[in-house]
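Undergrad: Chains B and G supply the protein sequences, listed in that same order. Just so we're aligned, residue 980 is where the first sequence starts under our numbering, counting upward by one. Just so we're aligned, residue 980 is where the second sequence starts under our numbering, counting upward by one.
Honestly, I wouldn't trust all of these hints.
What the hints assert, rightly or not - On the chain G side, residues computed to face chain B include the following (Cβ under 10 Å): (1) Tyr998; (2) Ile1001; (3) Pro1115; (4) Thr1222; (5) Tyr1240; (6) Tyr1341.
Claimed, not checked - Here are a few chain B residues that face chain G, going by a calculated C-beta distance under 8 Å: (7) Ser1223; (8) Ala1227; (9) Pro1260; (10) Cys1399; (11) Tyr1400.
Since the hints were made in silico from the structure, they are not lab data. Even for Gly, the Cβ is constructed at its ideal location relative to N, Cα and C.
2 protein chains.
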Amino acid sequence: MENYQVGDLVYVKTKDTQYRGIVMPSLEEDMLVIKMENGYNVGISKERIVSIEKIDRGETPRYKKVGITPKRREDLKNISILSTGGTVASRVDYNTGAVHPAFTAEDLISTFPELLEIGNISARPLMNILSENVLPLHWKRIAEEIKKEVDRGAEGVVITHGTDTMHYTAAALSFMLDTNIPVVLVGAQRSSDRPSSDAPLNLISAVIAASEPIKGVYVVMHGESGDTFTYLHEGVKVRKCHTSRRDAFRSINTIPLAKIYPTSGRIEYLRDVDRLEGEDPKVEINTNLEEKVALIKIYPGIDGEIINYYIDRGYRGILLEGTGLGHAPEAIFPNIRYALDSGLLVAMASQCINGRVNMNVYSNGRKLLELGVIPCEDMHPEVALVKMMYLLGNYPLEEAKRLLTVNLKGEIKKSTRFDCY
Amino acid sequence: MENYQVGDLVYVKTKDTQYRGIVMPSLEEDMLVIKMENGYNVGISKERIVSIEKIDRGETPRYKKVGITPKRREDLKNISILSTGGTVASRVDYNTGAVHPAFTAEDLISTFPELLEIGNISARPLMNILSENVLPLHWKRIAEEIKKEVDRGAEGVVITHGTDTMHYTAAALSFMLDTNIPVVLVGAQRSSDRPSSDAPLNLISAVIAASEPIKGVYVVMHGESGDTFTYLHEGVKVRKCHTSRRDAFRSINTIPLAKIYPTSGRIEYLRDVDRLEGEDPKVEINTNLEEKVALIKIYPGIDGEIINYYIDRGYRGILLEGTGLGHAPEAIFPNIRYALDSGLLVAMASQCINGRVNMNVYSNGRKLLELGVIPCEDMHPEVALVKMMYLLGNYPLEEAKRLLTVNLKGEIKKSTRFDCY
Chain B
980 MENYQVGDLV YVKTKDTQYR GIVMPSLEED MLVIKMENGY NVGISKERIV SIEKIDRGET
1040 PRYKKVGITP KRREDLKNIS ILSTGGTVAS RVDYNTGAVH PAFTAEDLIS TFPELLEIGN
1100 ISARPLMNIL SENVLPLHWK RIAEEIKKEV DRGAEGVVIT HGTDTMHYTA AALSFMLDTN
1160 IPVVLVGAQR SSDRPSSDAP LNLISAVIAA SEPIKGVYVV MHGESGDTFT YLHEGVKVRK
1220 CHTSRRDAFR SINTIPLAKI YPTSGRIEYL RDVDRLEGED PKVEINTNLE EKVALIKIYP
1280 GIDGEIINYY IDRGYRGILL EGTGLGHAPE AIFPNIRYAL DSGLLVAMAS QCINGRVNMN
1340 VYSNGRKLLE LGVIPCEDMH PEVALVKMMY LLGNYPLEEA KRLLTVNLKG EIKKSTRFDC
1400 Y
Chain G
980 MENYQVGDLV YVKTKDTQYR GIVMPSLEED MLVIKMENGY NVGISKERIV SIEKIDRGET
1040 PRYKKVGITP KRREDLKNIS ILSTGGTVAS RVDYNTGAVH PAFTAEDLIS TFPELLEIGN
1100 ISARPLMNIL SENVLPLHWK RIAEEIKKEV DRGAEGVVIT HGTDTMHYTA AALSFMLDTN
1160 IPVVLVGAQR SSDRPSSDAP LNLISAVIAA SEPIKGVYVV MHGESGDTFT YLHEGVKVRK
1220 CHTSRRDAFR SINTIPLAKI YPTSGRIEYL RDVDRLEGED PKVEINTNLE EKVALIKIYP
1280 GIDGEIINYY IDRGYRGILL EGTGLGHAPE AIFPNIRYAL DSGLLVAMAS QCINGRVNMN
1340 VYSNGRKLLE LGVIPCEDMH PEVALVKMMY LLGNYPLEEA KRLLTVNLKG EIKKSTRFDC
1400 Y
C-alpha cells in the first residue's frame, strides 16, 4: 500500500469516505496527511484506509533532509539558533487538530536547508514550551544561553519563540543583554507543517538579520499577510497586535527598522540601526529582575483595593495601564498614595497602546504626577512592565524611578512619529 | 487699554517680554489670550501687560452668540445634546496650561451655531466630569436621561463625553438601550477653545449622524488627523487607540459605518446600518449591571492568587485579557478552576486587541475551554467586560454564559474582516 511518496497526488478511500490530494510529510507513522484542493490538510489514520490510488507522481519534496553540521564557510557568519518552543517550532496533531510544540532546532534546519546558505548554522533546543507559559525565569535562562553561544563563537543568535509573549521576552532580553551582535527573536503564526506556514520565511529572515552588522535585540515577523517580506522590529518597540494574522507584530510608536525580502536575501533599512563592525562578538548579561511588579489595567469601576492587595503581598512596583494620556479614576488616588507611601514604584502607561503618556495636560494627570506616579513616556505597557522588573532588580528605588524615564535601549523615543499609527 | 477685540492682530508688551498675535476669546476676565504665529495660544495676565498696540483690525469673530431656543423648523429633526464633561466641552486654564471641564451644552451651541442648521437643537448638561472618573453608575444615569429626552420628543440624541472611557460608555449604552433612534457619543482630543480643536467638526458630525434614519449607539470622532472627515463607529466595536491623535478612535475588527463630511453635511455609508423609519421614537432601558466584574490582564509571571482575591471579595465575573488567541499561563489554571467552581463567570478576550479569540487551536486554549472559560469571540476586552457586567446583572449564570457568545448588539461579527487591521 506504500506505493506513494510525499508530493504525490493520491486518491484515498476509507471505510466511510474518500479524499483526493497531495501527500504531505507526516510526523506520525500511523497517519497519512494529505493536502486537499481547498487548501486544507487532513490527517487520516492508516487503520481507516481501504485503498490508496496514485493519480500523479509528485515533484521531489521541496525540502530534503540534510545534516546539521555541514562544512564551515569562511564567507558566512556563525549563527546559533536556539529553540524555545511555540508555533514556529510546532506541528499539528492531526488526530485532534490541535497544535503541539514538537520540532527541535535541528528539525528546523532539516526542514529549511536554505538556512545553510545564509550562515554557518548551529542549532540546539533550549526548552520546549508554549510562550503563554514563559516566565521571567525563562528570560534569564535564555540570556544565559545566548552568552554561552557567543562565548563559543556565535556572531549572531536567533531565538525561536512562541508569539504570544515574544514581545515580553524581547523587551526583557533588550534590558538584560549588553551586546555588539544581533539577537533576533522569531516566531510563526501557522505551524511549520502547514502549507500556509509563515515559519520558513520568518526563520530565513531572522537568520538574514542575525548575519547583519547590527547589534541589539530584535523581532522578525511577517510584514504583510502575503509572503513578500518580513519586518525587523526593535525588541523594545514591538507588540503582538492581532490574534491570528501573519503580520500580527507591529512596531509601536515607531516604524520597523528594516524590510527583509527572504527569497532574495535583500534587506532594506528604513531608519538608522545601531551598527558595529570589526569587533569581537561579546555579550554581557545582567539577569537581576524584580518579579514582584504588577500590571493593573484601569477600567470604569475598578476597585482601588487591588493596589492594597499587591502592597500587602510585598510587591515593589505597580504599572498602571491607565486611560488616555495616562489617567486613573480619582476614586483610587488614596490607594495609589498608599502604594507610594509604602515605597512602591508606581508608573503609568496607556491602554491606548499607541502614543505617549502626557500627564501635564489634564488635572487628573497632574494630580497623579504630584502624588509621585512616574509617566512611562512612549513605552507601551508590556515594555514598561518589563523595564520596571529590570530596574527594580538592579537599582535603589529613586534611581529606578529616574531611569524609568531615561532611554536605555531605544524604548523611549524623544519625538513621536506620526507615520506609524 | 481695551481698544481691541477678538480677532485683532495685536502687539502686547509685558514687563518681561512681548507677544504678537491674534486676540482669542478668553473665558477669564483678567486674562488676554492671543494666538501667536507659530500656532500656539498664550495666556497673559492683564496685570502683567504694559501696553497693547493694535496692528490690524481682525475679521468679525467666526461664531456669534445665539439663543439656544430658536424657532423650530419642521424640516429638521429634534436633536438633544446632553453634555457629560470632557475635552469636547472643556477649556484651557491659561494660568496653568491645564484643561478643565467648563462649557455646558448651551455654551457649545453658542459656540457652534452651525448646529442649528442641522437640527432643532436642545441642550442641557447632565454632569461635568472627566471621563477617567466615569463609573457604571454614570452609565445608568446617562441611559435614564436619554429616555427622558426621547419621551420629550427627541428624535436623535448626542452625548458629549470625555474620550478616555467614551468607548466603555458607548458599549454600556449599547447593551442598556433598546431604541429605534440614533444615540451618538462624541468627544474631542483638543479643547474647544484651542484653534486646533477637533470639537467643532466632531460635534457637527455627531449632530449630522443623530439626524440620520439609523438606530443604535454610535461614536463619532475624527477620521484622520486633518479636518476633512469624521467616522461613524458602532458603539460596541470602537476603542481609543492613541493617546493624542485626533483620529484616536478606531473601529476594531470591522470598518467604520460611515464617513461624515461635516462641512458639506454629506454622509457616506461604508456598510449596512440598522435603519428604521416612520416609527415613533422610543427607547427602553435596562440599567441592571453587575459591577463586581474584574478585568485581569495576563502577563509573564502574573500571580494567579489575584483571581482568588476577587473570588473572596464576592466578584461574580472575571474577564481575562489573555495572550494571543486567548491563552493564560498554566500556572494559574488552578486559580481559574477555583473561580469556576465558585460559580464565577470566567471569560477570555485577547490583549492583541485585534482579531478573534480561538481557543481550539492550541492545547492551552483547549484546556481553558475544558475548564469552562468562555471565549469572547471578536469582542475587544473593553466591550467584553461591559457585556459581562450587563449579562450578570440581568441573567442567571448559565444564561449569561450562553449570551456572552451570542451577538446581541453587533458586538460579535460572524466573519473576520481582513481590511480593518
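Undergrad: Now tell me, hint by hint, if it's right for this structure.
TA: Do the hints match the structure? See the list:
no.: 1; hint: Tyr998; in the structure: 22 Å, violated
no.: 2; hint: Ile1001; in the structure: 23 Å, violated
no.: 3; hint: Pro1115; in the structure: 5 Å, holds
no.: 4; hint: Thr1222; in the structure: 3 Å, holds
no.: 5; hint: Tyr1240; in the structure: 22 Å, violated
no.: 6; hint: Tyr1341; in the structure: 5 Å, holds
no.: 7; hint: Ser1223; in the structure: 5 Å, holds
no.: 8; hint: Ala1227; in the structure: 7 Å, holds
no.: 9; hint: Pro1260; in the structure: 28 Å, violated
no.: 10; hint: Cys1399; in the structure: 11 Å, violated
no.: 11; hint: Tyr1400; in the structure: 6 Å, holds
Comparing the model with each numbered hint stated earlier shows that hints 1, 2, 5, 9 and 10 do not hold.
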